[in-house]
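**Q** Each chain, written out:
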Amino acid sequence: MKTNDKNIMITDIQRFCMHDGPGIRTTVFFKGCPLNCAWCHNPETKNPNAEIMFLAGKCISCGACVSVCPVGAQSLLPNRVFDRKTCIGCGKCVSCCFTGALTISGKNVSAENIIASVKKDLEFYGEEGGLTVSGGEPTFQKEGLLYLLDAAKSENISTCIETCGAFPADLAEKLVNNVDYFLFDIKDTNKQRLKQYTGAALQDILLNLFNIDSMNGKIILRCIIIPNINMNQEHINNLLNIFSKLNNAEYIELLPYHPYGNSKSEQLGRKDTTVFQRPTENEILEFAKALQKSGCIVKCHGSIIK
Amino acid sequence: MKFNTASKIERPIRLCQSTRQFAYDSLMHVYGLDTAKTESVLMDDIVGFEQMSDLEKYDAIIRKIAQTAPIRICDGEMISGAATLGMAIYHKVPAVYKGNCIFESVSHLTVDFETVLRRGINGIRDDVYKSLSRHSETRKVEFLHSCLATIDSFSLWHKRYILSLEKDSKYEKNLQNLLQVPFSPARNFYEAVQSIWFTFAFLRLCGNWPGIGRIDWLLGDYLKKDLADKTLTLDKAREILAHFFIKGCEWIKGGNYESGDAQHYQNIVLSGTDQSGNDITNEVTYLVLDIIEELGISDFPTTIRLSKNTPEKLLRRASEVLRFGGGILAFYNEDLILKSLTEYGYPPQDVWKFANDGCWEVQIPGKTFFRYIPFDCLQILQQKTLDNYSGTAHFENFEELYNKFSQDLTEKVINIYHNISNELFFTDDSKAILQHKPMTPCTAVSIFEEGCIEKGVSYLEGGPVYNIISPHIGGLPDTVNSLYAIKKFVFNEKKQTLSEFLKMLKNNWDGYEIYRRYILNNYSYYGNDNDECDNIAVRILADFAKACRLLDGRCDYAFPAGVSTFGRQLEWMPSRLASAHGHKKGEILAPNYSPTPGSDCNGATAIIRSYCKGDLSKMVTGAALDVKLLLSSVEGDDGLNAIMGLLRGFVALGVYFIQPDIQDKEILKEAQLHPENYQTLSVRVSGWNARFVTLCKEWQDMIINENK
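Chains as they are written, first to last, in the numbering used here: chain X, 47 to 352; chain F, 18 to 725.
Read the hints as simulated data drawn from the structure, not as lab findings. As the structure is a prediction and not an experimental result, all values here were calculated from the model. Where hints are given, some of them may not hold.
[Stated by the list, open to error] With a straight-line Cα cutoff of 27 Å, these simulated BS3-like cross-link-like pairs (lysine-lysine) come out:
(1) F:Lys601 with F:Lys421
(2) F:Lys505 with X:Lys153
(3) X:Lys237 with X:Lys339
(4) X:Lys166 with F:Lys325
(5) X:Lys352 with F:Lys421
Isolated chain X (complex conformation) (with noise of 0.2 Å):
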């Protein structure tokens, strides 16, 4: 490792990704999030530190954790119990776990080693393709996020950014700088139904877009529907606002919510998810007309709404 890599906690780098920016990408997930979204779809990317994950399924109650274990976190007796709140998150059950119940979700890995890892699928990207980070929140990891950002395009790799906007606004330049793309959310733009189901401040994030848009960033927002939350015309009308002053935003990219975040929820033994109601195939194309005909560009299921 060079003397001023950094490393960066990620979960996971994810080769052959499609739906995270234009072309084939990699997608590299951060770890750590100021946001605490109800409805997560990456709840193991929350938190900053490392976790250990367990899948209760997959485990065979052979006792090899329970050996290892310095604090007594793993137990066989009477029952099959994982202790959190005893666990120190030393890792030493999941490396001597056989069958892959328990795994840990976070590595420290080397802006370099990551870039060789993206540099792998160069063949597949073409003139499109490249980097994706992601997360959690890139920008939560501000400096190695920099870092990765400018080593890639020093190796002419194109990059993508997926944030949910809640940094700090003297970011929003040094980002310009090294991204082609940034995938912007707006999870909802009812101030207080924002505030109460992701903690986020709406003004400080429309700040951030301004901003990156006054600097000529290219946008693309990315906007989470869920019923009865935020499929409403309050939010369309809200989302047109927002888009036609935007200089540089392409279009507007609908990811319908799914549940598939609370399987890893319980994985990392949190009890507090909260199950929303998943849209519907009718409801998705619906919102997404309504929306286009409202007046923005629309992309939906991969492809933009004609």
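Take the given structure of chain X and dock chain F to it, following the hints.
**A** Just chain F now, with coordinates in the frame of chain X:
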């Protein structure tokens, strides 16, 4: 009328209603079932049949087929000719004597349609006469007379169609075309399509299963001229060509078969270069894609020759068609294959012509005898190198183990070589080859294979210009993974000694579930772009190619290597033991040169990179990679761009042959439960497609489980 697709997108409609109806009827077995009424011709009434030589019997059979096989003219068909005898569907010459089938037929070849188009059957007949004047050896003269007899029979059958078509003015155009072709050269696109079809139909009527080859190269110039002369429109040309595809479904009978009902090696090859290296992509290329896209006909599996120079438009059209699923399109990497064939010794005037044998094994069409000999290298590792896990195998380190395996593999290749030599040739005491043994008569295909007429020797006796016997290594990914698991578990991590480990395998993992899970879950196997594992594959491929090469050149038959299973992972399953990479006896393992089902965790690009690490150019007859893409992942314009990126990447990385399929596991399960709603849903098997509902349950399950 529903032409099933895995996609949510509706198939486009360009063809007229009557053509679509014709397609639907054919897919719904109307014509295939018709063949059950006349399975074969009877030879019992031929005087002295039993006393005839094999060649005389063959000539008599072909004559009787030509004289008596039912003539079928489908309502509104634009091209005529039909292979109406049911026994041909089972790879036999459809003739019976005293209740028994007499001759097997020929497949795995693509015949010389070019000569048929440019010179006609009459031209071929002239060649036979010329050859007769040069040869005096009895066997050769007899063979050449059989060629004339076969051409006469072909002519008889041709005349019967002329007489039938004359009866209905609706078929005036068919009649006019058949008055010209295939006996005289084709003069325009419509005649050319009819010429290829009629010749193809005759060969199939006699039981053979030839491939089609480079249809756009064969037909492109005819269409170009007709369009320029304004004697034909593109829409009309599409209708004509569609009838060719639809008639190619005339053997579909429905019901369940082991490997489906569409496996008759009718492959088509599109695009690629001409002799000067120019891309030949033309309007016919795009018409074929239009037809596949609209009708989803999978009976002509179609492989596109891609290169760095493939036009963007073709890449996009191919990706669009691919997205409807069905696995109908596959791809060759032309750059690699041209290099492979050239290095192997094919001359430059032939290399660029490459197509396949009607499945996916590469060959020069119209001048190649081809046969492949499959073997399972996983069984070599398990039964020979590791001695059935009996406990006698002892190796100090991984290198020792690998070297013994490599030696066993080489021995197997030598064995195959000697067995095939004994089967084909008379040899002297020192095993030197004396002469070819007499084989089953096969004159019908021989007259369409360059070399046979000139030499006076049949297709199966060394007549063609190139004669290829290709050993095909199967079970390669599982062998790689087994060796890798042993390397990691026994030699690197020293979790168990080799003898303890073999004991677990001998017990089929019973009582050692935690170790089995550990081995399954903790190692990154072939298909995950892990160099340490993939390098074992690189070594095996190199050693296998070398073993073949050392035996090459000892006779007129070439002995190039290839990689395949063609679904044999199912057939081999009962003979395989528990595998070292954590699979119990009875599990169905990897297809072709693709990852073990369930072991690939890093996506399609990682699979392709693992696959490309070995020197695939040494696998001269091919090495297939199956890639299953989830429908949801290729959704929309983004998905389309991703497929194009994938195709570009595979050319850049040096893939040999890729057969991608886009499937939806849920749809396949639904089709298993309600076959009546999915009669036309096609899936890729290997080198051929099958209507999913016509596969037997075991094959259906195998396909479902290959999807993540």
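**Q** Determine for every hint whether it applies to the structure shown.
**A** Okay, the hints, checked on the actual structure:
1. Among the hinted pairs, Lys601 of chain F with Lys421 of chain F is consistent with the structure: their alpha-carbon atoms are about 24 Å apart, no more than 27 Å.
2. Straight-line distance between C-alpha atoms of Lys505 of chain F and Lys153 of chain X comes to about 23 Å, which keeps the hinted pair within the 27 Å bound.
3. In summary, the hint linking Lys237 of chain X to Lys339 of chain X is supported, as the alpha carbons are separated by about 24 Å, within the 27 Å threshold.
4. For the hint linking Lys166 of chain X to Lys325 of chain F, the alpha-carbon distance of about 19 Å falls within 27 Å, and the restraint holds.
5. Under the criterion of a C-alpha separation no larger than 27 Å, the hint pairing Lys352 of chain X with Lys421 of chain F is inconsistent with the structure, at around 63 Å.
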